[in-house]
Amino acid sequence: MPALTVVYSVVIALLFPVAVDSLPSISAGLSCLWRPLPIVLLQLFWAVVFVYSGKSDVTGSQIFFHVIRDRI
Amino acid sequence: MDIEIFVIGFGIFLAILFSWSFRSLTEEKWQIIGAMPVKKNPQGDWTGINFPYYGFFNASACTLAAAIFLLLLGAVYVTLEIAVIFFITLMAVCIPAARIVAYLVEKKRYTFSIGGASFVGMMITPWLVVMMTSVFDSWANSGIQAMTVLAAISTFPNTS
Chain A
0 MPALTVVYSV VIALLFPVAV DSLPSISAGL SCLWRPLPIV LLQLFWAVVF VYSGKSDVTG
60 SQIFFHVIRD RI
Chain B
0 MDIEIFVIGF GIFLAILFSW SFRSLTEEKW QIIGAMPVKK NPQGDWTGIN FPYYGFFNAS
60 ACTLAAAIFL LLLGAVYVTL EIAVIFFITL MAVCIPAARI VAYLVEKKRY TFSIGGASFV
120 GMMITPWLVV MMTSVFDSWA NSGIQAMTVL AAISTFPNTS
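Note that the protein sequences, when read in sequence, are chains A and B. According to numbering that gives the first Met the number 0, the first sequence holds residues 0 to 71 in order. According to numbering that gives the first Met the number 0, the second sequence holds residues 0 to 159 in order.
FYI, nobody ran anything at the bench for these hints, they're computed from the structure. Just so it is clear, the structure is predicted and the values come from calculations on it, not from any experiment. From the three backbone atoms N, C-alpha and C, an ideal C-beta is built for every residue, glycine too. Zero decoy hints are in this set.
The calculated label-pair distances, taken between Cβ atoms and stated as ranges, are: (1) B:Trp29 x A:Asp69: 28 to 34 Å; (2) B:Gln30 x A:Val47: 21 to 27 Å; (3) A:Ala27 x B:Pro36: 43 to 49 Å; (4) B:Ile87 x A:Val5: 23 to 29 Å; (5) B:Val37 x A:Leu22: 49 to 55 Å.
Pairs of lysine-lysine, DSS-like flavour, derived with a Cα cap of 27 Å: (6) B:Lys39 x A:Lys54; (7) A:Lys54 x B:Lys107; (8) B:Lys38 x A:Lys54; (9) B:Lys107 x B:Lys28; (10) A:Lys54 x B:Lys28; (11) A:Lys54 x B:Lys106; (12) B:Lys39 x B:Lys28; (13) B:Lys28 x B:Lys38.
If you want a taste of the chain B side facing chain A, the calculated C-beta under 7 Å gives, among others: (14) Gly47; (15) Ala58; (16) Ala65; (17) Leu69; (18) Gly73; (19) Ala74; (20) Tyr109; (21) Phe111; (22) Met121; (23) Pro125.
Starting from the given sequences, assemble the full structure and let the hints guide the process.
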């Protein structure tokens, strides 16, 4: 798959040449990112990916709880 | 010179990180980050769902890549709204694709292929840009281009 992706990227680069109107600006990118909406969206995205890819389907667990009586 | 220092410094940081992680993350204590009790058994114990460190590292890597994706599109003056709509559309395809590709390639039902998700993402990204710029008039002059989006999306994890 990675090898095919490399070939595909070259074909796409030939099909869709980039029209450069102005130079990229990292400070413009940072100001676009450093706002409440993208930060909250990124937090939500982290939670979704963590639960979706992190919930184990191939392991299980048995959990025991107990009270430490001398600390009550 | 700043760029060279950044690249060399980042390379040294990654070398140290990989050196530690390849040795340590295979240890038993680095497998499960937490377990959540969901059902009490008659014996008094609970059946739980496990959350491995894999999910934590994967979510953190994907979120960092998403932040870089939004930053890079912002750097070429694509508005945040367009970048976010594009990103959500792409993820709606790529996240389920991680499981579907693993099933098709490895014939395993309970596993993921991040490489598979990345492959699907790279395949559909240019055509998604073409489709969205032709459907939405406001996108046509937004500065969003197939190759710039493809370059930005290439920061996503590509290991399987």
